[in-house]
Structures are given as structure tokens and as C-alpha cells.
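Undergrad: Protein chains in written order, with UniProt numbering: chain A, 1 to 177; chain B, 1 to 465.
Worth flagging that the hints you see were computed from the coordinates, not collected in a lab.
There could be a bad hint or two in this list.
[As the list claims (entries may be wrong)] List time: in silico SDA-like cross-link candidates among lysine to any residue, alpha-carbon distance up to 20 Å: (1) K94(A) to Y169(B); (2) K138(A) to T154(A); (3) K94(A) to T192(B); (4) K81(A) to N170(B); (5) K145(B) to R87(B); (6) K94(A) to A130(B); (7) K94(A) to H186(B); (8) K56(A) to K94(A); (9) K163(A) to K67(B); (10) K146(B) to K138(A); (11) K94(A) to K243(B); (12) K135(A) to G148(A); (13) K81(A) to C162(B); (14) K163(A) to H186(B); (15) K94(A) to E52(A); (16) K94(A) to H86(B); (17) K145(B) to E231(B); (18) K163(A) to R215(B); (19) K148(B) to D115(A); (20) K94(A) to C162(B); (21) K94(A) to E24(A); (22) K243(B) to H120(B); (23) K163(A) to H86(B); (24) K67(B) to A96(B); (25) K163(A) to C162(B).
[Claimed, not checked] Sample of chain A residues lacking proximity to chain B, with all beta carbon distances greater than 12 Å (derived): (26) F18; (27) I51; (28) R60; (29) T67; (30) K94; (31) G96; (32) V108; (33) H111; (34) L112; (35) S121; (36) S133; (37) G148; (38) R150; (39) C158.
Please read all numbers here as calculations on a predicted model, not as lab measurements.
Where a beta carbon is used, it is the ideal one built from N, C-alpha and C, also for glycine.
Below, each chain spelled out in residue letters.
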Amino acid sequence: MFFHIVLERNMQLHPRHFGRDLREKLVAKLMKDVEGTCSGRHGFVVAITGIENVGKGLIRDGTGFVTFPVKYQCVVFRPFKGEILEAVVSMVNKMGFFAEAGPVQIFVSNHLIPDDMEFQSGDMPNYTTSDGSVKIQKDSEVRLKIIGTRVDATEIFCIGTIKDDFLGVISDPGTTS
Amino acid sequence: MSIEPFNKLVKLAARAFYDDISAKGDNQPKTGRSDNRGIAVVVLDALTRRQWVREEDLAKDLKLHLKQLRRTLRFFEEEKLVTRDHRKETAKGAKAYSAAVAATADNLTGREGEEKIKLHTHSYCCLDYAQIHDVVRYRLQRMRKKLKDELDNKNTVQEYVCPKCGKRYNALDAIRLISFEDDSFHCESCNTELVAESDKIASQEIGDGDDNARRRRREKLRDLLQKMEAELKPLTDQLSRVKDLEAPDYGTLQAWELRASVVARGSNSDPSGNDSSRSGQGGTPMPFLGETKVEVAFSGVEEKGEIKSESAPMKVLPPWMIKEGMNLTNEQRGAVKQESKMEGASASMDLKDEKKSIGHEDDAKNLQDEYVKAYYAAILQRQKEQEEVIKREQDLSTNSILTDVDPSTSRKRQREDDGEGDVELEDTPTAGILWETFKVDLNVEAAEPSDDEGDDDDSIVWEEG
Ligand SMILES: [Zn+2]
């Protein structure tokens with residue numbers, strides 16, 4: 001699920017950036033530092049959308065670096081158990097497949113793949129129905145449901161299922177492209 | 001006696017879960033001859049009839065080979081049903097145990113006395129009832145969960161196990177487990193390829209293929225779950241029965257021995273009749289069971305005595321609550337007339353004293369009684385004093401005007417007739433009455449017939465203020 005929230009961060013800026021475009025430098029550094037990171041609490045920071053305010057800088061003893069408390073608005077993505085996501089398959093093996101929904105990695109183990117799909121090894125390992133009409137392989141798009149998340153301080157990993165109504169392949173890269 | 005339900009629980013659990021556990025190591029192939037399944041149940045049953053027991057003695061009693069028994073006990077220790085204690089036996093230690101046994105089970109004395117004191121490690125074992133309770137509940141919970149999870153298997157987290165080192169992983173670890181060599185999962189510690197844990201109960205026989213098989217599998221699972229619930233019903237019933245009971249706890253071996261010796265000393269000086277009958281009922285000589293029973297009986301008697309002596313005056317209002325003019329039944333007064341409440345109270349206390357002298361009660365109780373007695377006496381004393389003061393004031397005031405004693409008594413009677421509600425009003429604000437009687441000397445005649453003293457009070461204040 002996406003959220004638009006305000007977060008705060010103390011930014012350290014090198015004295016060489018002190019000048020006319022200090023603020024721009026600060027924002028650029030913030031984006032570089034924060035976007036794409038993941039915190040267990042808020043999820044993945046997708047994008048910074050604005051700066052709320054920049055507090056008073058504090059010169060660090062000895063180094064000359066200045067610490068600015070920066071409040072910024074950002075879009076975060078936090079997966080939840082039970083959430084339905086659309087994801088792109090990134091890897092298939094006999095244990096199941098991995099898929100990515102933006103920054104989130106999801107593993108679907110083979111017992112959570114419908115029973116009528118069987119693993120086919122080979123150059124392009126895949127799960128296929130017996131009549132060959134549905135195939136899950138790398139770059140397939142699937143709709144899946146998250147059934148479990150592992151949230152660490154800096155990492156979120158999910159496991160999902162496609163063994164339910166309306167879940168599974170939503171487009172076949174072979175036919176669409 | 002709270003041990004019986006727990007013993008029943010142990011017996012049920014033994015039959016439910018350990019019926020086909022053999023004392024032989026699992027790795028050894030079983031031959032038909034040496035098949036000794038059921039031994040586990042026998043051992044557990046025997047333990048329910050004992051407390052701490054030296055394993056050699058238990059082996060002797062069960063006519064089992066010591067090694068065989070040890071293996072079974074080790075298994076139960078792993079299963080968290082049994083606590084064991086091993087110690088290098090000094091002569092003293094062995095004696096302590098023998099003494100404990102001898103003191104509590106008289107028909108065992110001969111044998112125990114002659115027991116050779118060896119100077120090597122002896123092992124003792126005892127059921128850990130509290131833990132057994134938890135273990136059995138946990139086991140049931142796990143069984144149920146496993147079946148239910150598989151029944152609606154969309155929400156199960158696949159587990160993986162390393163065939164080499166036995167380390168377990170689940171699907172949430174998947175991202176860390178992929179190896180880039182062959183895209184499959186590898187053990188983090190030994191890099192062996194992991195296998196999906198195929199502990200799926202139903203899928204083992206029915207190959208999972210078409211939809212039909214799936215449906216059959218579900219049916220089978222549901223069946224299994226139902227069967228489990230039905231067959232384990234006695235166990236679950238017993239669990240719920242035992243739920244709020246306090247599990248018997250014999251403590252550590254040392255604590256138990258200490259307790260046993262203490263109790264033994266106590267029972268020697270004061271042999272109670274039901275001791276022998278108890279140990280007789282148990283059948284097998286138990287080192288401690290008889291004694292605990294004595295202890296329980298002791299406290300029971302004491303409690304009963306207390307409850308009786310407490311519950312009888314429960315309905316009787318305590319002496320300090322009885323006041324003049326209260327409309328009380330005889331029972332409430334403790335069949336003691338109001339005038340003689342002092343005597344009544346003291347009489348009831350005498351009664352208590354008698355009880356005390358009859359029963360063997362400890363010092364703490366004595367002290368408590370003494371305190372209560374003193375407290376009551378003090379309260380009574382004070383009440384009486386207060387009443388006297390009031391009376392004196394009233395007499396004074398009435399005398400000063402009427403110079404007659406009789407009207408005061410008549411007034412008192414009148415007051416009694418007025419009813420309880422008024423009495424309370426009059427009695428409680430003692431100071432107010434005092435104040436009133438002091439100031440209102442002249443108004444007494446006017447104030448007396450009126451029921452509303454509060455109003456008078458106010459008016460007087462206003463007049464004077
Ligand atoms: Zn391993």
C-alpha cells in the first residue's frame with residue numbers, strides 16, 4: 001500500500017556546499033540518500049515529493065560539517081499481509097518463483113501455485129498448466145496475494161500465493177510483446 | 001487432592017502419544033522378539049504412583065533392565081515429561097533419600113535400609129506435572145494447527161530442511177537461500193541443497209495431480225481432524241478439568257528430601273490415623289504421597305475450623321456493630337441480649353478460646369486471636385465510654401430543667417420507638433448532639449417532641465449568629 005507521509009532526517013552537509021544553492025544541494029543529497037531505501041517501519045521510500053522545512057543548521061565540532069534537520073514529504077510503499085499486488089516474475093525454480101512489485105520482492109512457493117500447474121525445467125524454467133494455456137516464467141506478470149511479510153529494520157520480504165480466485169498470470173509476455 | 005486429575009492426565013497422554021514408543025533406540029531395527037512397545041506407558045503409569053524415585057529402584061519394581069528404563073526416561077526427559085536429577089552419591093546423600101523413603105513408606109523400610117550405599121552417580125526421576133500439562137496442550141495445539149493449515153493450505157508457509165545438517169528454513173528466508181549457481185535453495189551453513197519439507201500428511205499416499213485428488217485429499221484431512229478430535233476427547237476433557245487446578249510440584253530432589261524428612265519428623269511426634277490408610281490405599285509404597293496427604297488434611301482441618309468459627313458469627317453482627325436501638329433478630333445478636341453485649345462478646349471470645357485450646361493451632365493464629373480480642377475490647381470500651389458521655393450530658397441537661405431522672409428514660413424509650421433510621425441520625429453525629437444539648441438547654445422542651453433536629457439546629461445557629 002502507498003502512503004504519503006512526512007518524515008524527518010538530519011542531513012549533514014559539507015562546508016563546500018555552503019553558498020547560494022545550499023538548499024538545492026541539501027535536497028539533492030536528501031533524495032540521493034533516502035529514495036529507494038527501506039525501513040521496516042515505513043516501508044520503501046519511493047519518492048520525495050516536497051520539503052516541509054529545513055531547520056537551523058548546527059556546526060559539528062572539529063569537522064565543520066553542518067547538520068540540518070529536514071522535514072520532507074514522501075511516498076512510501078509498505079506491503080501488508082492480505083494485500084493483493086501485481087508483480088513481475090523475476091525468477092522461476094522448482095521451489096516456486098520470485099516476483100517483484102516495485103521494490104518489493106515476493107516469493108511464491110510451489111505449493112501455493114495452483115495444483116494444475118507443473119514445473120518445467122529447461123532453458124526457461126516455468127510453471128505450465130497441462131493444456132499449456134497458462135504459463136508462468138520470467139517476466140510474466142502475475143497478480144498475487146501476500147500471505148506473509150518479514151520486516152527487518154532495513155528490509156521487507158514477502159511471500160505470496162496465486163492459489164486463489166482471480167490470482168495468477170495477468171498477461172503473457174510471449175503474446176503481448 | 002489435586003494429584004488425581006493430573007495423574008489421570010498423564011495416563012491418558014501416555015496412552016494417546018506414547019503407546020507405540022519402544023524403549024529401544026530408533027535406529028536399531030526392531031525384531032519381533034524384542035518389541036517392547038508399551039513400556040513407555042508402563043513407566044509413566046508407575047511414575048504417577050511415585051514421587052521422586054531412584055531409577056534403580058524403579059527398574060527393580062518394574063522388573064525392567066536399568067538400561068532400558070534409562071533409555072525410556074531419557075526419552076521422556078526430552079519430551080519434557082520427566083525431570084531427572086543425577087548426583088554423585090555420597091553416603092550421606094543416599095541416606096537422605098533412604099531416610100525420606102523410609103520415613104514415608106513404612107513397608108519399604110527393610111529394603112531401603114539394607115540398600116548398599118555406593119559412591120557413584122545415582123539418577124532420580126520425577127514427573128513434572130506442570131510441564132506435562134503445558135507439553136500436552138502444546139502438542140494438541142500443534143497437531144490441530146498442522147491439520148487445519150493443511151486443510152486450507154493457502155496460508156501455509158512452506159518449510160525447507162537441510163538434509164545434511166537438519167537446519168530448517170521457511171519460505172520467508174527464500175531470498176537468502178537462492179544460490180546463483182543453480183537457482184535452487186541451499187543451506188546457509190553447509191551449502192547442501194535444501195528439500196521442501198514434505199510433511200504433508202495426506203499428500204503422501206494420494207498423488208497430487210488432478211482436481212479430484214485434491215478434493216479427496218481435503219476430505220481425508222477433514223476426516224483426520226475429526227477423528228483426532230474424537231479420539232483425543234478424553235484427553236482434552238481432562239485438560240480442561242485440570243486447567244484451573246494447581247499442578248502438584250515436588251520441587252527439586254533436594255527440596256523434596258528436605259521436606260520429606262521434616263514432615264517425617266513431624267508425623268513421628270504426632271502420628272495421625274489416616275496416614276496409614278492413605279499409604280495403604282496407594283498400593284505401591286510411595287515415599288511422599290502419604291505425607292503430603294497428611295499435610296493437606298492438616299490444613300484442611302484447620303481451614304474448616306476457621307471457616308466454622310468464622311461463618312457462625314458471620315450472620316451474627318460483630319459486637320461493635322450492635323448499637324442501642326437497632327432492630328436486630330436474636331440470631332443477629334448472636335442470641336445475646338443487648339444489655340449484656342459485653343458479656344456476650346466476651347462469651348463468644350471464650351468460645352473461641354476454648355476452640356483454640358482444643359485445636360492445635362500455631363502461634364500466628366494465637367497472636368491473631370489475641371489481637372482481635374484486644375481490638376474488640378478496645379472498641380467496646382470506647383463505645384461504652386462515648387455512650388456514657390452522651391448519657392451523662394443528656395441526663396445533665398434534662399436534670400437541669402426537669403430535675404427528674406424518669407423522663408430521660410422515657411425519652412429514650414420514645415427514641416427507640418421512633419425507628420432505626422432516626423436512631424442512626426441521632427447516634428452518628430455525636431459531637432452535634434453534645435453541642436445541641438449544651439446550647440439548647442432552654443429549648444429542650446420545644447426540641448424534644450420534634451423529629452427534625454437538623455432544622456432546629458439550623459434555626460438555633462441562625463438565632464445566635
Ligand atoms: Zn545444512
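Undergrad: Now tell me if each hint is right for this structure.
TA: For each hint, the structure was consulted:
no. : hint               : in the structure
1   : K94(A) to Y169(B)  : holds (16 Å)
2   : K138(A) to T154(A) : violated (27 Å)
3   : K94(A) to T192(B)  : holds (16 Å)
4   : K81(A) to N170(B)  : holds (16 Å)
5   : K145(B) to R87(B)  : violated (40 Å)
6   : K94(A) to A130(B)  : violated (45 Å)
7   : K94(A) to H186(B)  : holds (13 Å)
8   : K56(A) to K94(A)   : violated (56 Å)
9   : K163(A) to K67(B)  : violated (52 Å)
10  : K146(B) to K138(A) : violated (33 Å)
11  : K94(A) to K243(B)  : violated (46 Å)
12  : K135(A) to G148(A) : violated (24 Å)
13  : K81(A) to C162(B)  : violated (28 Å)
14  : K163(A) to H186(B) : violated (26 Å)
15  : K94(A) to E52(A)   : violated (49 Å)
16  : K94(A) to H86(B)   : violated (50 Å)
17  : K145(B) to E231(B) : holds (17 Å)
18  : K163(A) to R215(B) : holds (15 Å)
19  : K148(B) to D115(A) : holds (19 Å)
20  : K94(A) to C162(B)  : holds (16 Å)
21  : K94(A) to E24(A)   : violated (49 Å)
22  : K243(B) to H120(B) : violated (41 Å)
23  : K163(A) to H86(B)  : violated (54 Å)
24  : K67(B) to A96(B)   : violated (25 Å)
25  : K163(A) to C162(B) : violated (26 Å)
26  : F18                : holds (42 Å)
27  : I51                : holds (34 Å)
28  : R60                : holds (37 Å)
29  : T67                : holds (35 Å)
30  : K94                : violated (7 Å)
31  : G96                : violated (8 Å)
32  : V108               : violated (9 Å)
33  : H111               : violated (6 Å)
34  : L112               : violated (7 Å)
35  : S121               : violated (10 Å)
36  : S133               : holds (16 Å)
37  : G148               : violated (6 Å)
38  : R150               : violated (4 Å)
39  : C158               : violated (8 Å)
When held up to the earlier numbered hints, the structure conflicts with 2, 5, 6, 8, 9, 10, 11, 12, 13, 14, 15, 16, 21, 22, 23, 24, 25, 30, 31, 32, 33, 34, 35, 37, 38, 39 and fits the remainder.
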